[in-house]
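Build the full structure now, drawing on both the sequences and the hints.
Number of protein chains: 2
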Amino acid sequence: MPVAKLYHVPLSPFCRKVRLSLAEKKIDCELIEERYWEMGADFLRRNPAAKVPVLKLDDLVLSESAAICEYLEEAFPEPSLMPRSAEARYEVRRLVGWFDDKFHNEVTSKLLYERVNKKIIGKGFPDSGNVKSGARAIKYHLDYMAWLLEHRRWLAGDVMTLADFAAAAHLSSLDYISDVDWNRSDVVKDWYAKIKSRPAFRSILADQIPGFRPPAHYADLDF
Amino acid sequence: MPVAKLYHVPLSPFCRKVRLSLAEKKIDCELIEERYWEMGADFLRRNPAAKVPVLKLDDLVLSESAAICEYLEEAFPEPSLMPRSAEARYEVRRLVGWFDDKFHNEVTSKLLYERVNKKIIGKGFPDSGNVKSGARAIKYHLDYMAWLLEHRRWLAGDVMTLADFAAAAHLSSLDYISDVDWNRSDVVKDWYAKIKSRPAFRSILADQIPGFRPPAHYADLDF
Ligand SMILES: N[C@@H](CCC(=O)N[C@@H](CS)C(=O)NCC(=O)O)C(=O)O
Ligand SMILES: N[C@@H](CCC(=O)N[C@@H](CS)C(=O)NCC(=O)O)C(=O)O
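Protein chains in written order, with our numbering: chain A, 17 to 239; chain B, 17 to 239.
If you're looking for bench data, these hints aren't it; they were derived computationally from the structure.
Hints are not guaranteed to be accurate.
Said to hold, decoys possible - Simulated pairs of lysine-lysine, DSS-like, Cα-Cα distance not exceeding 25 angstroms:
no., chain 1, residue 1, chain 2, residue 2
1, B, Lys-21, A, Lys-118
2, A, Lys-72, B, Lys-135
3, B, Lys-134, A, Lys-72
4, A, Lys-135, B, Lys-135
5, B, Lys-21, A, Lys-148
6, A, Lys-118, B, Lys-42
7, B, Lys-72, A, Lys-118
8, A, Lys-118, A, Lys-155
9, B, Lys-139, A, Lys-148
10, A, Lys-134, A, Lys-155
11, A, Lys-118, A, Lys-205
12, B, Lys-118, A, Lys-21
13, B, Lys-134, B, Lys-118
14, A, Lys-134, B, Lys-21
15, B, Lys-148, B, Lys-135
16, A, Lys-139, B, Lys-148
17, B, Lys-118, B, Lys-148
18, B, Lys-21, B, Lys-42
19, B, Lys-118, A, Lys-139
20, B, Lys-135, A, Lys-118
In C-alpha cells:
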C-alpha cells in the first residue's frame, strides 16, 4: 500500500468522494487540512488549479476528484467501485457528473458555500436568494434519486459504485448543516442509512468544523 | 456502426468534445440543434439534467460529455483517445477536468456565454466585468498550456487524447468569436494547427451561427 496524504477541506464534497474511495479500498491516508483560499505557494505547486482535493500517493501528486477516483479504481481494483460493462460504467459516470456538476451548481454551492464557506473565508453573509434557490432545488434532486432508487438497489444499478459516493459526499456535507430533509423519501433515507453505516463513512461522520455544530442525527446511524 | 444522433448546440465546448471523439472514431452522426433553454418535453425526456450534449446511439440515450467520451472509448476502442497506463490515463482525465471545470468557469462562461449565449437566449447584454475577467484568465490558461506543450507533443503526453479534444473544444468556440490570441505562444499555436487540420475538425470549422460571423482565420488551416 502506498503512503497517502490527502490535502482537503472537511466539508468539500469532492474531497469526501475521494476519502470514501480511499477508505473503501482500505488505503490508509493522512488527512491534511488545506486553507486553499489563502493560496499558499506549496499548495499552488501541488496543484496549479488551486483546488482541493490533492492526493499524494508516494511520489505521485494527483488532483481533480474524478481523475483521482478513476486512477484509484485502475491502480487498486479491489474492492471495485465500478461495474464491468461499458453501459453500466457509463451510467456511473453520468451520475458522478450529475452530482458534481448539476447538483453542485444548483444545490451545494447555493447552500453549503453560502452558509459555511463564505463565513470561513470571510466573504460575508449568505445570499438569501441563493439559499432559497438551493433549498428548492434539493427537493427536485431528492425526488430524482428516489425515482432511480425505486428501480435499483444503488444509484447506478445493483452494486454500490462511485456514483453512490459522489451523491453521499454532497448529501453528507449538506446534512452537516441540516439541509437535507430525510423525510422526503423513504428509499433515499434507506439508501443513505446503508451507505452511512459502512466503515468507510466513519471518518466523515467524525468531522467537526469549528463554529459549525452538526445536528445530533448527523453521525447517528439510526437517524 | 451504430445509428448516431447528437442533440447539440454548435458552440458548446461539451458538444464539440463529443463531436471530435465521434469523428475521430469515424462514427457518422446526425447533428440536431437543441434549443435547450426552451426546455421542450422531448428534450427533458432525453436528459432530465436538461443539458446538451445528448447522444443517441441506436437505442441508448447518453448524456454528460465525460461519461459519453469514456463510453465511446470503451465501446469503440479504435482509434484510441486514451493511453494505456493508469498514470497516463489519470493525466488525460485531470486535464479534461481542468478544461471542463476550471477553464469553463474562468474563461468560457465569462466570454462565450456573455457574448453569444446571452444574446441567443435573450438574456440581455454582456456583463463587462465578466468579459474582462475572462479575457484576463485566458492568458493564464494559454501560458499553462504552453508550459505543458514545451515538455510534451500533446497536452497529456506523447499521443493525442481526449485532453486535447477538451481543450480544442473550448478554444475553437472562443476562436469563433475572436477571443483567442494565437500570438501569445508559438507552441500553443502549433498544437492548435495540428489538431485543426485533422479531418475530425472539419465539421466544427464549418459551423455558422446566425448573427455571429466568425473571423476569416477561424476556418483557415494557416491562421
Ligand atoms: N473539479 C474539481 C473541483 C474541486 C473544487 O471545486 N474544490 C473546491 C472546494 S469544494 C475548491 O478547491 N475551490 C477553490 C477554487 O475553486 O478556487 C474536482 O473534482 O476536484
Ligand atoms: N457536465 C455537462 C455540462 C454540459 C453543459 O453545461 N451544457 C450546456 C451548454 S454548453 C447546457 O446545456 N446548459 C444548459 C443548462 O445548464 O441548463 C457535460 O459535460 O455534458
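Structure-based check of all given hints:
1. Lys-21/B x Lys-118/A: holds (23 angstroms)
2. Lys-72/A x Lys-135/B: violated (44 angstroms)
3. Lys-134/B x Lys-72/A: Given that 25 angstroms is the threshold and the Cα spacing comes to 41 angstroms, the pair is violated.
4. Lys-135/A x Lys-135/B: The given pair, whose Cα atoms are some 35 angstroms apart, is violated under the 25 angstroms limit.
5. Lys-21/B x Lys-148/A: Violated - the C-alpha atoms of Lys-148/A and Lys-21/B are around 38 angstroms apart, more than 25 angstroms.
6. Lys-118/A x Lys-42/B: violated (30 angstroms)
7. Lys-72/B x Lys-118/A: This hinted pair holds, its Cα atoms lying about 21 angstroms apart.
8. Lys-118/A x Lys-155/A: holds (14 angstroms)
9. Lys-139/B x Lys-148/A: holds (22 angstroms)
10. Lys-134/A x Lys-155/A: With a Cα-Cα distance of about 23 angstroms, the restraint between Lys-134/A and Lys-155/A holds, given a limit of 25 angstroms.
11. Lys-118/A x Lys-205/A: holds (21 angstroms)
12. Lys-118/B x Lys-21/A: Holds: Lys-118/B and Lys-21/A sit about 23 angstroms apart, inside 25 angstroms.
13. Lys-134/B x Lys-118/B: This hinted pair holds, its Cα atoms lying about 21 angstroms apart.
14. Lys-134/A x Lys-21/B: Roughly 43 angstroms separates the two Cα atoms, so the pair is violated.
15. Lys-148/B x Lys-135/B: Holds - the C-alpha atoms of Lys-135/B and Lys-148/B are around 18 angstroms apart, at most 25 angstroms.
16. Lys-139/A x Lys-148/B: Satisfied, since the Cα-Cα distance of roughly 22 angstroms is no more than 25 angstroms.
17. Lys-118/B x Lys-148/B: holds (17 angstroms)
18. Lys-21/B x Lys-42/B: holds (14 angstroms)
19. Lys-118/B x Lys-139/A: holds (21 angstroms)
20. Lys-135/B x Lys-118/A: holds (23 angstroms)
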